[in-house]
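Asker: Each protein sequence line maps, in turn, to chains A and B. Under my numbering, residues 5 to 281 are what the first sequence spells out, in order. Under my numbering, residues 23 to 804 are what the second sequence spells out, in order.
Since the hints were made in silico from the structure, they are not lab data. Keep in mind the model is a prediction, meaning the values are calculated, not measured. Beta carbons are placed, not taken as given, at the ideal position from N, Cα and C, and that holds for glycine. Do not rely on the hints blindly, as some may be mistaken.
Stated by the list, open to error - Partial list, derived from the structure: chain B residues whose beta carbon lies under 7 Å from chain A:
{"hint": "1", "residue": "THR424"}
{"hint": "2", "residue": "LEU428"}
{"hint": "3", "residue": "ALA429"}
{"hint": "4", "residue": "LEU435"}
{"hint": "5", "residue": "GLN443"}
{"hint": "6", "residue": "ALA446"}
{"hint": "7", "residue": "SER705"}
{"hint": "8", "residue": "VAL708"}
{"hint": "9", "residue": "ALA711"}
{"hint": "10", "residue": "LEU712"}
{"hint": "11", "residue": "GLY713"}
{"hint": "12", "residue": "THR715"}
{"hint": "13", "residue": "ALA798"}
{"hint": "14", "residue": "LEU799"}
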Amino acid sequence: MTSTVNRRQPATATTSDPVILASNVSKTFAHEGVQQHVLTNLDLAIRTGEYAVVMGPSGAGKSTLLHVLSGMDAPTLGRVRVSDTEIADLSPRALTEFRRHHCGFVFQQIQLLDALSVLDNVLAVGLLADRNRRRVVTRARELLARVGIDEATQRKFPGMLSGGEAQRVAVVRALVNEPDVVFADEPTGQLNSEFSRAVLDLLSQVNAGGQTVLMVTHDVRSALRGDRVLYLRDGAIRGECVLGRRAPSGNHTAYDLVADDERRLTRLTGFLDEMGW
Amino acid sequence: MVTVGAIGLLVRRYLRKGRAQLIVVGLLAAFAGAMLNLAALCAFRYPQMIDEQAARLRTPELQVLAASAVATRAVDVLRAESAVTTVESTQRLGEYATLPLGDATVDSLVVYLDLDNPSYLGQTTVLERDDAGVTDPVYLPYLFKSNGGYAVGDDFTITTPRGTRTFHVAGFTTNLYLGFLTMGAIGIGLPSEGYAALADSPQPPYPTSIVQARIGDKAAINAISARVAEQLSAANDTMPPTWTWDWEMLRTAALTGPGIYAVSLVGFTLVVVLVVLMVVWFWIRGTIANDLRALGVLATVGTPARQVLAAFALPPAIVVAIGALAGVAVSYAAVPVVATSLAGQTGLPWSPGVDVVSGLVIAALLALCALALAGLAALRVLRLRPVEALAGGHRSRSFRRTLLPLAGTRGNLHLLLGIKQGLAHRAQSVMVLGVLVVVSFAAMASASLFTNAVSDRHGFMQLLVGDLGEVAAVATQDADRGDLLERIDAIPGVQRAVYKDYLQGTVGGVRGGLVIMDDFAAQRYSSVFEGREPKHPNEIALGAPLADQAGVGLGDHVELSVGPRSQDYLVVGKIATVQYAGMRANVTTGGYQRLVPDHAHHDIDIQLADDASPAAVANQVSTVAGDRLFSVTNQRQSLDSQFAVYLQMMRILAWGILTVTVLVTGLVVGLMVSTLLAAERSSFGVRKALGFTGSQLLRQLVASYLPLAVAGAVVGCVIGWFLVPRLLGVSLTSIGLANASFTIAPALAVGIALVLIAVAGLTAALGASPLLRREALDLMAG
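Chain A extracted, bound-state conformation (with noise of 0.2 Å):
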């Protein structure tokens, strides 16, 4: 089968060209006179294709970064590179459409939009950026098809959908104008653990495709699918750790995919434990 995920090269490892590039950003919100410094001179490099996880405690400013990075949200101060383009120099409308085209995003909340279908949820996003509505509508039913959303599913509305298709659906519909980035805010929060693996697959997938994927998560096993976990708290990244590629399970036997995750996962438990997690 043909997919559209896959459509760029396949990534075996990460390109040593940052797609995300932050300088010295800070985020500072302020409330009734109270100023709440979220973010601190905070320096990232997110390189294309890589799949980065960003863990930390709750409050620590997990959702901010994200917001940022993506352009959802200005820092107060510093710089954001996203695909060689500095968003902070982009007007609001500009940084909307450089959205449209370059960033993907999977809410915690999955915030699909009651008034669609499921495919229409898609479609929707989908036709704003290509206008070719037959080849969009291809696009949309093979990747709805991927994550398992039959074609009955996808006529239904998202407030008939269980939690599990309703967060597979945004991430079909995060990916559908193939972007350069995916931001995942906390996918599997809401989900039990057979609908987080097939979120989670279905990412890791994205990812061998060569698209980057930044994700925010509180679970470990979540965070074992990432490249590099980056550990923030207090507004700042206060440590990383390298777990490599992950094999992809189509190369390997599942004793070698457990055998690797199993070394992750003390790689990281350490990790998490000397950040003091």
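Using the hints, position chain B against chain A.
Answerer: Just chain B, lined up with the frame of chain A:
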């Protein structure tokens, strides 16, 4: 206590989340309260004021103006009537004249009143008096101040066929019979010295008597009035023509203006109340649908459903009551406008005080309507099962069929998404549709009133009075009738001059006006809408209301009486006219001479060519035949002046209704958009995060209501286009205009629809404008 606390929280949450609805319902209730209060003042307080004035001025039940030589006939008839308790005959001076009234003029019989020697009945009150240093002082009816803009000290020149008289305004008066614009006679007050000087002038006015009578048995007024009128009508060979009015006739005429205001305001209040009720209905239904889980919790902990019902039903009722009371209070600011408009016709200053009881009744009435509907809308909570409520009920969006699927529907993506959003909020969409249908229908009614009556006033007047020539004249008793007509016919611009007498008689026992002509075919415009005009001496055509009251139809025979004589006539036609309120009959000269054999014509109807000036022709008529004429009237100008008050009233109503229509459209669409924005704010934030720009979201939001606004406006205008002219026609049938036909230009209907659509679109765009400014995260955070 816990339950009450929970209910209180529910109400607070419901009011906090429904602030937009709260404001709209309050504002609309204020509109309704204001209009209803003005209507109540016009319908109840104005008649009360007139009755009080009548009692204070000892206004008689019957008043007759006649040349002193024939007035004794009226006095004799009145003294013979057992129901008459008092008769008073006062000698005054009178003449036909042209009076300046602001920028216009009015032709009328002028009766000069000696203010220092007042009559006992039908008194005149001086409202303002400042004659210090004023030479030739004159006291004008109050309508000259309210309608003509006169002030003390202004010059005032009266023009008669025999010359002019110049006075200076020294004050204003109130007199019910002689201070009324459309009754045909106006009382001008003079001090004794001025009155004596006028009587001794080289060309003095005619001796004229005012005969007044108090009639104890009110039921007898009409019959006595008919007998007096017939006696005087039979003596028509004497000049000048006579006027006979009774109090009921005057009161009815005086209450026409307030009646028009009251009926129109009540009609439009109904439209606004309908909109208020629709907003309340959808507000409560929407709140219940969104708060089903909270309601489920309340039901689970044993909260009585009636308490929940009350929590939903009471707040809208209270808001409506407060809004209505505010509207009632504000409406008093508009009272001077209405009072001035009415005083321009009746000559009665009016400043009703604040009527607290009436205001409370109006507020209570509107609040009761809101309470009843809110209770009805909230009835669902009585039937709600806790399990269903806790599960969030059956979400309306979980319909199974995808309408307009993006995969297979061609068209603009944002338009499609907007329409789909509108479909997902079906209740609000239906409300927008309904409101637009109602307001566009009201706008059509208002525009029809404006175009048929106000902007084409000559067409409207012709519709009302039909066959009147532009200039009229009254021949003196000794004038050579044939020679007079020839002289007038020869004047450039005169198309035709014919004798057309206006008299009175009794048809089938019902008093009415008589129009006498040699040949009714000489009219440019026939008012007959069924059958034909009378051609032979034994034929008669009747106004529709007169025929109805006399109980006769085409082909029937009816008895016509003038004075002591009666004859039998065949009804050959029905007339549509507002003259004599439709209580009019057409009879040929030969037919009338069957009753009054020596009848000679005196009223001349002068029809002009289209390009002729009525004023110039009237001057020419005075020049070439002034010595043979008792009066010359610029009928066009006179009608203009008389109708100006009504037209002004219609103008105020039409613009008022159009303004409120536009405001209601804006308010309701604004409410819907802000409600949708509040409900879907997070969804719009997600869209923006996914790459939809603010302007694309704005287009989607506008598109979710605009197609419905377009449909509502089109449907309302189409219904209005078909129904409004017919409704107007039916309403005028009741005052004798059975053949009235109104039209609304298709371009006007299209224009109204476009204006309302534009207002809806602009309001929707304005309401949705936060989408342009607010960023994705901001929206998602709510």
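Asker: For each hint, tell me whether it holds in the structure or not.
Answerer: Here's how the hints hold up against the structure:
1. Nearest Cβ of chain A to the Cβ of THR424/B: about 4 Å, under the 7 Å cut. The hint holds.
2. Because the closest C-beta pair between LEU428/B and chain A is about 4 Å apart, less than 7 Å, the hint holds.
3. Given hint, ALA429/B at the interface with chain A, holds; its Cβ is 5 Å from that chain's nearest Cβ, closer than 7 Å.
4. Checking LEU435/B against chain A: minimum C-beta separation of about 5 Å stays under 7 Å; hint holds.
5. Satisfaction of the interface hint for GLN443/B is found here, the shortest Cβ-Cβ separation to chain A being roughly 5 Å, below the 7 Å cut-off.
6. Interface hint status for ALA446/B: upheld, as the beta-carbon distance to the closest one in chain A is roughly 4 Å, under 7 Å.
7. With a cut of 7 Å, the hint placing SER705/B at the interface with chain A holds, because the nearest CB-to-CB distance is about 6 Å.
8. Given the 7 Å rule on beta carbons, the hint for VAL708/B holds: about 4 Å separates it from the nearest Cβ of chain A.
9. For ALA711/B, the shortest C-beta to C-beta distance to chain A is roughly 6 Å, which falls under 7 Å, so the interface hint holds.
10. A cut of 7 Å between beta carbons decides the hint on LEU712/B: the least distance to chain A is about 5 Å, and the hint holds.
11. For GLY713/B, the interface hint holds, the least distance from its beta-carbon to any beta-carbon of chain A being 3 Å, beneath 7 Å.
12. Interface hint at THR715/B: satisfied, since its Cβ lies 5 Å from the closest Cβ of chain A, which is below the 7 Å cut-off.
13. The interface hint given for ALA798/B is met, as the beta carbon of that residue sits about 5 Å from the closest beta carbon of chain A, less than 7 Å.
14. The criterion of a C-beta within 7 Å of any C-beta in chain A is met by LEU799/B, whose closest approach is roughly 5 Å, and the hint holds.
In terms of the numbered hints stated before, the structure departs from none.
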